[in-house]
Every structure is written in C-alpha cells, then in structure tokens.
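With chain A's structure known, arrange chains B, C and D with the ligands on it following the hints.
Chains as they are written, first to last, in the UniProt record's numbering: chain A, 1 to 272; chain B, 1 to 272; chain C, 1 to 586; chain D, 1 to 586.
Rather than coming from a laboratory, the hints here were simulated on the basis of the structure.
Mixed in with the good hints there might be a few duds.
[To be verified] Short derived list, chain D residues pointing at chain A, Cβ under 10 Å:
(1) Tyr234
(2) Pro235
(3) Thr237
(4) Glu241
(5) Glu244
By construction, the Cβ of each residue, glycine as well, lies at the ideal position given by its N, Cα and C atoms.
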Amino acid sequence: MNTEFDPKNYRSDLKPVWCPGCGDYSVIAAIARALANLKIRQENVAFISGIGCSSRIAAYASTYGFHGIHGRALPLASGVKVARPDLTVLAAGGDGDGFSIGGNHFLHACRRNVDMTYIVMDNSVYGMTKGQASPTSEADWCGSKLTPEGPSIPPIQPLEVALAAQASYVSRAFTGDLAELTRQIEEAISHKGFSLVHVLSPCVTYRPEQRGYKDRVHQEWTPTSNRAEAFQRLLEDDGFATGTLFVDPRPPYTPMTAAPASMAEIEADFAI
Amino acid sequence: MNTEFDPKNYRSDLKPVWCPGCGDYSVIAAIARALANLKIRQENVAFISGIGCSSRIAAYASTYGFHGIHGRALPLASGVKVARPDLTVLAAGGDGDGFSIGGNHFLHACRRNVDMTYIVMDNSVYGMTKGQASPTSEADWCGSKLTPEGPSIPPIQPLEVALAAQASYVSRAFTGDLAELTRQIEEAISHKGFSLVHVLSPCVTYRPEQRGYKDRVHQEWTPTSNRAEAFQRLLEDDGFATGTLFVDPRPPYTPMTAAPASMAEIEADFAI
Amino acid sequence: MAKTCFSLALTGSGGAGVMTAGQILLDAAARSGLYGLMVRSLGPQIRGGESAAILRIGTAPVSSLGDTCSVLVAVDWGNIERFADEIPLDENSLVIADPDQGEVPPVIVAKSPKIAFVPLKALADTVPGGRVNMIALGLAAALAGFDEAVVAEAIQASLGRKSQEVVDISLQTLRAGMGAATAVRSEAPEIADLACGCSAPAPDNGKHRRWLLSGNAATGLGILRGGVRYCAAYPITPATEVLEWLAGALPKVGGALVQAEDELASINMVVGGSFAGIPSMTATSGPGLSLMVETLGLAVAAEIPLVVCNVMRGGPSTGIPTKSEQSDLNIALFGLHGDAPHVVTAATDIRDCLFTGQWSVQLAEAMQTPVIMLTDQAMGQAQAVIEPLEASPQKTERLVPSENTPNYQRYAVTNSGVSPMAIPGMKGCAYTADGLEHSPLGRPSTQARDHQDQLDKRARKIEAHDYGDAWADIDGEGEIALLTFGSLTGVAREAAETLRARGVPVRVIALRLLMPLRTEDLKRALQGVRRVLVIEQNHSRQFLAYLKSTFDFEAEVVSCARPGPVPIRPQEIVTAATSRDMGDTK
Amino acid sequence: MAKTCFSLALTGSGGAGVMTAGQILLDAAARSGLYGLMVRSLGPQIRGGESAAILRIGTAPVSSLGDTCSVLVAVDWGNIERFADEIPLDENSLVIADPDQGEVPPVIVAKSPKIAFVPLKALADTVPGGRVNMIALGLAAALAGFDEAVVAEAIQASLGRKSQEVVDISLQTLRAGMGAATAVRSEAPEIADLACGCSAPAPDNGKHRRWLLSGNAATGLGILRGGVRYCAAYPITPATEVLEWLAGALPKVGGALVQAEDELASINMVVGGSFAGIPSMTATSGPGLSLMVETLGLAVAAEIPLVVCNVMRGGPSTGIPTKSEQSDLNIALFGLHGDAPHVVTAATDIRDCLFTGQWSVQLAEAMQTPVIMLTDQAMGQAQAVIEPLEASPQKTERLVPSENTPNYQRYAVTNSGVSPMAIPGMKGCAYTADGLEHSPLGRPSTQARDHQDQLDKRARKIEAHDYGDAWADIDGEGEIALLTFGSLTGVAREAAETLRARGVPVRVIALRLLMPLRTEDLKRALQGVRRVLVIEQNHSRQFLAYLKSTFDFEAEVVSCARPGPVPIRPQEIVTAATSRDMGDTK
Ligand SMILES: Cc1ncc(C[n+]2csc(CCOP(=O)(O)OP(=O)(O)O)c2C)c(N)n1
Ligand SMILES: Cc1ncc(C[n+]2csc(CCOP(=O)(O)OP(=O)(O)O)c2C)c(N)n1
Ligand code: SF4
Ligand code: SF4
Ligand SMILES: [Mg+2]
Ligand SMILES: [Mg+2]
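In isolation and in its complexed conformation, chain A is listed as follows (with noise of 0.2 Å):
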C-alpha cells in the first residue's frame, strides 16, 4: 500500500508543452519525488505558478495548482499559505516570472519569510515569448532581436539579492542532477519559512549553448547559517556551485493573533 506516495502519483496526465531536452522535465520529476518521499499528500499540497514556459509546472503536477499570472506566483502563494497555514505550499516560475516583472515580490517574499518553498527554473532567457533576455542573461547576449547586441546590464544575481533580502533558506541545484535537485526540494519544503531553490534550468531552444551546463557545475556548498559566510561564497561564485548556499532558523511569518469575540462584542463598538 506503499504505492500511494509513489512519485508517478503526483504527476498528472496532461503532457508537458516543453521541448524535448528542456531542463524543466527535471523540475517536475524532482518534484513528484520530494513530495513522495516526504509523505505529503497531493490534496494537502497547493502549487503556484507564474507564466512561461517553466510556470505550466504547476498544472504538471497532480496537486491542487494555480498557473496565475505572469510575475505574481510568490504573492498567490503567499495568500494561500497565510489563510491555510496546513497546506504545503509551493511555488515556481522562471527567471522573468521571478526576477523580472516579480522581482518586488520575491524582495518581500524573502523578508515576509511566510513558510513556503520558491522555485525558479533559470534559464536566462524568456523561453516563453521566444527567446528575449531576462535579468539573468549575460550581458552580452545576443540572441535576441529585441536587444541585437545584448542587454548591456549585468546579469542580477539571484541568491546575493535573495541573501540580502533576508531570505532564510537559499540553495542552487541544476536539472542534470536529479538526486540533489530532489534533495534540496526536500530540504526546502522541511525549512520552516521561505526557501529559495534556485535551479539551472537548460531551455536548449533558446540557449542550445546550455547544454553545457553540464560541464561547468560543481556540487560546492554545505549549509551554514552565518550570513557573511553566505555572501562570501556568493562574491566567490562562478554561478554554477549547487549546493545549499545558506540556512537561518528564524521563525517563519504568522499574522497577528487576538482573543476570540463574537460578532456581538464587536459590534458593541459601535454603540453610543
């Protein structure tokens, strides 16, 4: 009867739009297996998404989902979570999703520290809209029309925002492997709080060259909860170690709480 948290079960049926060889196929496999091997049940589990090619994970899933709106999961997320503090919930998108139009969200996600776990298959390009630069695409990328010679900023720097963000989990895995991938998703959904798993997601349609992502990551980094450590590391990072960069055990957010009055005593306010 163990058959119930099988991975295969937290999959639904409706086939991927993804290309063949995307990175995002991981995602969803590392997902279905962390749920199974932590025993939540998928109707316990509320899975939020963006828009583009990474956020339809959500309806990949056997759980109960919400593919929202372009840039707005952390806040749907965070809605469900505040008003149903049993569910598990997660969240997950891509690198414009989140860091783009959703970049103030995920600033405040990460002080806010709700007790959730955020996602982001980065790919460093808008896989969705075909092929433009997101804040993660180098800055002289030019595979796009809509900037022929690049971008010309710098690429954001995801886990050093989400760190100075206050952020009290924070991780990177890449989609090639998949038992550290699932491992960080287990971690981050036990974290008590807000947890960042920040994934190299492979779009080999826009970015055929990151198919040799594989060769240049590294498993590099073990928990530590100091934070100057944490940025250390970070001011050291090729932007390809995995590992779990930073942890820190604050509580996580919960709204304000008062002794129960009926409508009546309340009301009574009002009275002159």
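Same frame as chain A, now just chains B, C and D with the ligands:
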C-alpha cells in the same frame, strides 16, 4: 553675476505641505546647494518623484520636475535620461515609494546603471497615508492600526539590497548633517551611473522618537570600490553609519547605436 | 416650532482642534436621541493644517449635507477660501467669528450671511489651559439645545483616555462656550435656535442603542458579516480605514490581515486566500484598483470569489485623494481586458455599507466571481449616527463538490454557470486553476468550442443569478424618476422630499447592483416615468453612458452630473428635475 | 476563366516545415504579381509543435481569409483537430493527403471535401536530403500556376542564408512536388486549378516594388514615421514583433529602445521619454495593458503625449495568447480610473497599420494625450503583400512655449484645451508635471474651480481636435451598413462584395478613430441607412455597447459578434445582413 548659482534660485516658491520639523526640509535644502555648487542650470535638471510626503519634493525645486505616481519614479526618471542624456536627472521619494511598491524598479535601476541620482528619504513609515509600517519599520513597531502588534517582518536593508543588485554608488546621510548630505548629493550627481543616497529623514509626526536619530548617527564610511568590504561594512552596520559606502567606476548604461540610415533605406527591407 | 434638522460647520487652522469638537458634537447629538452626519474637510498639509468639520444633525437619519449651512463657527480664518465651496452659506446663515482674528474675509462676506462676533479665543483664555475648540463646541451645543450633561458625557468618552485634568479643563471651557450662546441667540433669533424636535435620550439605552460609525468601518463590519476571514492590505486614502478596522477585528474571529508590498501583491494574496477556501477581500481606491485589474481578470477566468471595496476619490491619476467623486465607475465596470464578466455593487449610504458589504461577499461566493464594491470618500470617511442594522440571515455558501468526485471537472459547463469548486485539502478533486482558457477539466485549450462554452458559462452565472430585490432601493411614485447610486442617494432623497413637498411626485431609484444591470427590473421600476434624471458625481457622465449602453430608455433622460470635490446639492437636482436647462436629453 | 483569388492551407507536425513553405509560397505569389495574406496557426507547444499556414492569394489586395479553403495540403495528420475550425473545408474543397500517413481523420471527412492522395513523404525521399515541405510547396505552387523560376527565386531569398546545398536540394524537391500536380489537377479539375488572372511580374520591379510585411512590422514603421524616437519594451505575444522591429530601426534614426523589467516600468519610461521631449511609445497586449492603466491615467492628468499599441489576443486573463480577438476594447476605452479622456485608434488592416501608426503619434503629440492604438493578432502576426504606402506628409508638432515666457503656465486653460508644453532644457519655463489635480501653473489644487477647469480642458482638447476624414474608412452606398473596426474590416468588405453581387447595396464603415466617437460624422455616414450591422470579434458585444452609450442610432441595429479564436467569416455577415436571426435589435 554669481547669483545665478545661488541655492535660493533652486527652490520654487511653493510652500511645502510638510509638518514643521520634518526631515525632508533639509533634503530640498541640500539638493539646492548641491546643484548650485555644481553649477548645473535649473532648466537642465529633471527632478522626478513618486507619491508620499517626501515625493512632494520635486515641486519644491525650481528645476523641471515630475511628481508621478506611487512607486514609479525610477522608471520615469530612466526614461528621461535615456531619451535625453544631456539632462541631469534626479529621482527622489520615500521608503514606501522606493522599497515597497517601487522595489522592483529599485532592483533593476541598480543593475541597469542609468546615469542618475536617487535620493530616498527614509523615515521608516508611510507618512502621507498617516502612519503605517514601511519596509524599513522595525518588526515590532506597533504604531499603526494596520499592524497593531508590528509588521512582524524584519526591516529591509536597502543598502545591502542595492549592493546585491549591483548599484554603482551607495551612500547614507542624515538630515541633521546638512553639509554631509549636500556633499553626498554632489558626489552622487557627479558619479557616472546610478547613485543611491539613502537619507535618514525623521518623520516627527508619526515617528516622533526619530528626533533621537541625531544621537545615534555616526560618520563612518569613506568610499571603497571593493564589494566584499562594502558587504562587510553592512554586516556590521547598526543602521546609523553614514558616509559613502561604495563606488564602482563601471560605465553607465547606454542604449545601442547603429549606423544612420534614411527612412527609405529602412523601408527597403520590406520590398519584394 | 423646533427644526427637524440643521447644518453646522466648525473651521480653524492647524492645532485648533475643530475636528475633535465636531466629533464630540456628533456624539452628543447621538446621546441626545438625534441622528447626524459629519464630514471632515482638510487642507493639503500632511498634518495640522486648517480643517473643517461639517455636520448635519436631525430627528431622522441623515445621509446628505443639504443645501445650506445654518451656522459657521470660525475659530480663525486660516485659508478659509479652501472651504468656501464646501460650506454653503447664504443670507439665512449665521457666521460666528472671533473679532480678534481680523476682518471677516471677502469670500465669506460675499455670501451675505449674518455675522455675530464672539471673542472665542479670549473666552478660552479665561480658563487656564482652556482650548478654543471647546468654546466653539459649547456655543454650537448650546445653540443646538443640547443638555450640558450629555455633552459632558461625550467629552468624557472622547478625551477620557488622555487625563482627567484635560477633561475637567475641557468641561469648564465648554461651559464658558455655552454661556456665550445666549448673546448670539438674541442677535439672530430666527437662525440661531437650532434645537431639533426630539432631544430625548436615544431609544432604549440598554440593548437597542444607536451606532456611530464611519462608512469605512461599516464596510468592514458588513464584509466580516459576509464571512470574509482573510484580507490583504495596502494603505491608500480614503480606503485605509476599512483595512484598519478589519486589522483589529479579523484576528478576533480567527481571521488574518496581511500588509502587502503593493496592490499587485495584495490582490494576488486575496486570490490565493480565496482559492484556498477562505472568503477574502481587500479595499483600495482608484490608483490601487488600476494596479489590480490584471489580477481581477485572472479571478474572472479562474473563477475565484473575492471582494474589492473601492472607495472612490477625485481622479484621474492621483487627482484629489482626500475628496469624493464617483469617477471610478468606468474602470470598475470595464477596466478588465478581454471579456470579463464580474459584479459591481455600490453602497447607498453609511448604513447601507453594512448591507452591501455583506451582500457583496455573498454574491462573490455564490457566483465564484470577483465583486467590486464601490463606496466613496464622502461616505467612507464621514461618520453617521444610524439605527443598527442586523446582519442579513442569508448564508454565504460556496458550491463545492463531494470528495473523490469521479472525473471531477472544476469548470464543468453547468446550467447555472456555477461549477463546484474544490478546496485544497479535499481528497480526489485536485485541479489546477488557470487564467489560460481551458476545458471543463481546467486544461489549457485554444479550441473555439471550449472558449465559447467557458465565456458563455462565465457570463451566464452572473446574468442568471437571482439578485432578488436588493438590486436597487426604490421609493416614491410619479412621472419623474431620480436615478442614482452611492453617496448621492441621500442627496437625491432629500431633493425628492423637496419636490414632493412642492406637489411634484417623484420616485428615487438608487442602484445597489450596477453590474449586471437588471434591465427588466429597471424597466418595471421606470414604468410610467416620463422623465429620468441620471444623477452622478463625475465629469464625463459615466453612469449615464453605461445605462444607455445597456438599457433602452423610453422616458426622456436628463443628466445631472458634476465632478467632485463639492457634493451635488439637493437643490441642483430639484432644479434639474423641474427645468430642462442642466442636462442633455436622450 | 481564371480565378481572382484562392485560399490554401498547409499543415503538418513539428519539424515538417510547413511555415517555411507557406512563407515561400506567399513570397512567390508576390513575385508573380499577386497579392496575398498568410496567417500562422500554431499548437500549444513552445516550439516545433504542429502548425498550419493559411494563405489567401489573389489579383487584388487581400485582407480576409474568406469563407472556405480551396485546398488543404496535409503533410501529416498530427493534431489536425486543433486546426479544424480555422481551416474551413466543404464539398468544394480539395484535401491532398499522404496515403502513408494513415486514414483521413473523421474531423476532415465530416466536411466531405474531395480527397486526392499523393505520397508526399515518399516523393521527398526520392531526393537525397529532400524535405516534405518542399513537395507540398511544389504542389501548391504548381496548382497556383506559379512559374518555377519565380518560386526558385523565393526559395533562394528564404533559404539562401543557410547554404547553397540546402537551396539546391530544395529546388530539386520543389520540382518533384510540382510534377505531382498534374495528377492532382486531373483528379479534381474544377477545384485544383488555382491559377489567378494576373500572374505578370509585380509592377515596376525597380522603384515601385510591392511590400511583404507583417502588421506588427507595419505598425513599427508607421510609428517611426510618426516621429517616435524612444521605445521602452516588455515582450508579450502577439506584440513582441512591433518592439523587435523598432529595436532594429530606432538606432538607425538616432533613437533608442530599452527593455524594461515589466510593463509598469516600460510605460513609465515612455512617460519620462516624452516628458523629456522625445516622442515615445510602447507596444503590448491585454495583460500588459492592464498593468499600464494607472500610468496612462497619469499621462492624461499630466498631459503627456505617448502611444501604446495594444495587439489584441484572446482574453480574459492569459486567455489564448496566440489567437486573435477584439475583446480589449473595453479596457482601452474605459480602463482608466477617474475621468480620463484619451484617444483610441484602430488600424483596419496590415497596410493601414502604416497609416494608423503614424497618425496615432501625430494625434498624441498634437493633443498631448496618450493614444491607445488597437490592432489584433490576426493583423499583427499575419503577413501580407501590399501596395507600398507613402508616409503622410503631415508633420508631428508639439505645441511649445517660447523660452522665458513670463509667468509660464504649463496647464494654461486655453480655448483649444491644448497648452504649450515646455521641454526640459528650455530656459525660463521650468515646471513640475503632476498627476495631482493642479492649477494652470501646475501646482497641486483641491479647489473645485481648478478641477472643473482642468477636466473641461482635458476633455475639450480631445473633442475639439480636427480629425479630418481619417476617423473612418467608408465605402459604398445603400440602406444597409456594416459598421466595424480592426481586422474585421477586410471581412466586412468581402461580405459587402458578395452582397453587392447579389444586388444588395451596402456601405462599409470601418472606424479608425474609436474614441472620441465622431457622432456627427457617423450620423452623416449613416444617413439613409435602415439597418446597421455592428460587427466585432468578442463575446460581450463591447463595440455595440460602446456605440450605444454615445450614439443614438436611428436605424435598426443588429449585432454580429463572436469571440475568437476563429475569425468571423464573410458569409456570417452576409447572413446577418439579410436575415434577422443572428442579432438583437435596438
Ligand atoms: C503582464 C505580462 N507581460 C508579459 C507577458 C508575456 N510573457 C509570458 S511568459 C514571459 C517570460 C517568461 O520567461 P521566464 O519566466 O524566464 O520563463 P521561461 O519561459 O523562460 O521558462 C513573458 C514576458 C505576460 N504573459 N504577461
Ligand atoms: C497605487 C497607490 N497605492 C497607494 C497609494 C497611497 N499612498 C500614498 S503615499 C504612500 C506611502 C508613502 O510612504 P513613503 O514613500 O515612505 O513616503 P513618506 O510619506 O513617508 O515620505 C501610499 C501608500 C497611492 N498613492 N497609490
Ligand atoms: S523554449 Fe526553452 S524553456 Fe521553453 S520549453 Fe523549450 S527548451 Fe524549455
Ligand atoms: S507626516 Fe512625517 S514625513 Fe510627512 S511631512 Fe509630516 S513629519 Fe514629514
Ligand atoms: Mg526563463
Ligand atoms: Mg516614508
């Protein structure tokens, strides 16, 4: 004839709506002095702000100005500068305007490095809407009915975020030290690229305890171009260190150029 | 003969405390068994600038400021021109001025009121620590015929949290002010006796006590009654008080309020909370609503119930944040991209915020739709003494499937258009909500059939719902109809009274349900009407245009529209109803 | 007798290359002196899914796909049901199928077309490295009577940047395909001869060459001609190509394009650029427009000229991003909070994107107003062969004050409603633009007088502008009028031809200026009309409702509305024009 560059000339005759004692009075004074000292003519300055008590500042200068909408001063200012590189562009606003609703533009303005100066009057409160918590309010500040037990979120660290987002100039000043504030604004305007001047600017009405800032601030930082050192300074920061934190001489953003072509040449692409 | 109501204004510069005086006066009126309404008007300064408290007090519930102001007590003249439009004085008004504050300004003199000089400040100075606002309060209270003990009670209630010393000094100053009333009354006896018919204590001081509250607080309570237990907030004038009230109340009933980083976040949090099964809402005003429209479209497509209360202020853009207008109607009705049917309600007055707040939540939940509830600054930030309103007994129920429904279709094409909505946690019904067009299963689809079916169903559920009688408040008979919504309802009702008194029978139709427009019901309500006045507080006649887009008037249509910040006065409506000058016709 | 036009579709799974084949076929048509239109339809896969190229080719300019498809060449049957609605087959259609790809699917058979089997893949395999799309191309080109040399030219132009080897193989495969046409033609002679009357080379291959371009590129060029020199961009389907085209072109004329972090940023950058004196624009689609409405309101209040081109797609919410609809009309007209008069234009076809793009910039600059220019996916992402259109000679001029104007009033209340706008750098005219209501000097004001004056002036400048004849494209006479806008214009014109051929005279009125509605002009254009068909591609009849809100029809009004993704067909309009079944009446 030197009176042309008299700070008085940089002030409009509109009476500020600010409360007596508000820190923001020093900021308009410092801006006027800085522009006069730098001998930049009023008509060559575009001064852009958002919405909030502090954002009213644009109208108190005699330069060209734009009192835009809440949170959008930075993209509006970027638009001005990229379209008209000959102008000196200043943006200003509050901690709510800049770090709450405007957080995403802040992130991306830092990395885009358009040559302009951003002055944030931080009073750790939403003054204009009568005293709610801002992103820089303390987690346990109970002064607002909206968060009667405090926002329960650690305050954002604007300078850490700016550094992580790759701002090329970052400093902090206090409205109680007009000379240093003026110096930083001059330095920031002279800096080629995006410069952030973080100003501790007390709200005497909703945060009367901020009158005590004067006893807490300390002049501390001299410019460094070493990011590691700048991060280190911030890890030790009590929030009241002032001075120039970080300067990076990388060139400012410039849009792509191309060999000139006539309309006829451009249209020729469509002919079969 | 005692009056049935009067209007009175108190003005003064920053620090004079006229708002506090107004507040206490309204409370004292309530404690005297009267009803009342108080509007605050402020200068542009962030804090402590000049201000005006404008009150209307009477023996019946008040929801309009009327046409003229009987008495103005001016503590000083600082920037009085800012309020000149809002305080309508004429030859029948009395202005009480302090001779030590200089000449009466031309803007006041031009209106030819009677003027009585009282050395307000000097009187206050007779009491050590005495403040001039208490003199003004005393004067006003005495003219209104209030019992000193009752006013003292109100002072105690208002200032008691400071110190007993403050209260004692205030009471002493109050008495000095009341004492000055005799001279004033003798100067202008016809005007200065404001005493209203009933000044018995409020009925049944035990159980059935009247309420004194703002429209924004009433909205908060209505929404709480509707069952909302989650709110995400971003402050904005003049909506913040809805959120502040809920911040205090929600935790008491097991709910939560979160302050978000902006309105994009707050509305998405609300969508998330509601998706998770908890009735959810937020409140905002024009600029914030603008930022929410993309997500409201998501809520339409994904069929997520929620309520956004939009407290309208002067527009466009930042506009006039502290003043009222009804110019967000267009965006509320039509501001969503694509074909996005949803519901728009409007409260008719402060008391009705209780009903409309509750009803809006019920509609949202019953139809799984976003509801935009419109109120406005004139209603939201004003305070009124009202008869308490019981919560409507109707339950808020979301249609849910049974657990383990085989082949569960979240977006099943049903006759009603409403499909059972599974709540996370329910076994065997997991689905993915989507803003992409979808099949009944919720799977993304670009097929014409699915698009048509889902568009039909989303439109049908809104059209087919049984809204009962609540779609409008209707009273009166006659061939002239006053058609309006929001805070102009009270003004229209007052105009109707005047017209009826002149022998012109009129009906007042105040729409509570703006969208969908109940065309059949409206047709019935307009049966026999020859002339319809469409009354609205905006520049471009948004209400009229909307009505015409959807409804074929048989009667002649006259527009009675004016932008903010000054409210439309009953007399303007009376004039428009009886002449042809003001409006265009159909 | 040779035909004057034909429709043809090519379909196949990912990788089959039918889009390339369609593209080359259109180019070959152009090189043969014909006009044509090609629409791409794609499956949901991000890349390489099944696709269809739908072409209409003829002797006169083409801006509608017509009612039926004469020939479908199906390289295979992968997910053909996805396109079934978009490729209208009937008994008079010919389907060319590959017998090796299995049975003809029921969705095709159900439409009873003639079917001819050609072993497409096997034929391709006869050429080493040969691809099946070139067989399909050859077949189609031969049926169309195109000269092999002309098709070869088009292949060279399209594939030349790859390698000569690829070109050579393609040419060889092409020939194999053309060879197979004879058999097909003999099987269904009445259908399969697609050759159109004129197949002379395009007129004057020297100077006056025809253009082949997409609507999005045409919009880009129109806007560049209008004088735009600054663009801020955030990609979104189906508007991205407008931005991409401008990204290449702007730097050549000294302009700049910046990719922004989101639409809130892009629209504010545009406001900034324009405030700084540089005509500025952006392009987006529904969800992006939603995010821009707050700032558009700022541009209204602060009187900043700018153009937003909104390329409409299926809604609501994320909707159907790759398909066309006209359902963003409401938000374009009414999506701004407060009273926010602005201009909304709509291009009538691909060629008109050139004119309307330029005109929109001119209107924005002349009136210092935001202009929302509507196009749609069906126009933006389709490609057409058109007669080149010269730039309009009209200049784009912003009214500016002289330097050192004494007491310069940025928001002076003028008769025209337009006030001289100083540009940063001009001496002695510095001012602060503001979204708060303001005095003529631009100082924040809460006064009723200033609000009324500024509201009046902002409305007046839009109403009083002389729009000339460009407000609509009108043709024909008769008692029936077809009233429409956007990409349905071509469809309506085709329906009108059919009706006229049947002896029913009709006029077609395509609005290019949606807001302000030229009610007097429209009244004139409708003189003598008894029946008006209001034709639009959306579910809730947004266009009809808008017209009714603002215009009093004297004629009977019939709605002809349907949502996307399938375009309305000429025959539907013909039916609606001649029966009463389809629509509701006024
Ligand atoms: C408001 C809005 N703006 C723009 C878009 C268009 N859009 C869809 S996905 C996307 C970017 C996706 O990039 P990313 O998040 O990196 O995902 P990827 O496709 O690379 O996985 C954009 C710009 C949209 N849907 N909504
Ligand atoms: C879209 C939008 N949301 C909310 C508001 C209301 N609002 C005006 S100012 C302000 C906060 C101002 O705080 P801050 O930027 O810190 O400025 P301060 O007043 O403290 O100087 C808010 C929330 C608004 N004007 N627009
Ligand atoms: S376009 Fe790139 S990101 Fe999108 S599905 Fe294909 S490979 Fe993945
Ligand atoms: S409320 Fe605070 S921030 Fe605003 S003007 Fe007053 S002191 Fe300054
Ligand atoms: Mg990406
Ligand atoms: Mg602040």
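Evaluation of the provided hints:
1. At about 8 Å, the closest approach between the beta carbon of Tyr234(D) and any beta carbon in chain A falls short of 10 Å, and the interface hint on this residue holds.
2. At its closest, the beta carbon of Pro235(D) sits 4 Å from a beta carbon of chain A; the interface hint therefore holds under the 10 Å criterion.
3. A cut of 10 Å between beta carbons decides the hint on Thr237(D): the least distance to chain A is about 6 Å, and the hint holds.
4. Annotation: Glu241(D) was flagged as interfacial toward chain A, and the flag holds, the nearest CB pair being 8 Å apart, inside 10 Å.
5. Among the interface hints, the one on Glu244(D) holds; its C-beta lies about 4 Å from the nearest C-beta in chain A, closer than the 10 Å criterion.
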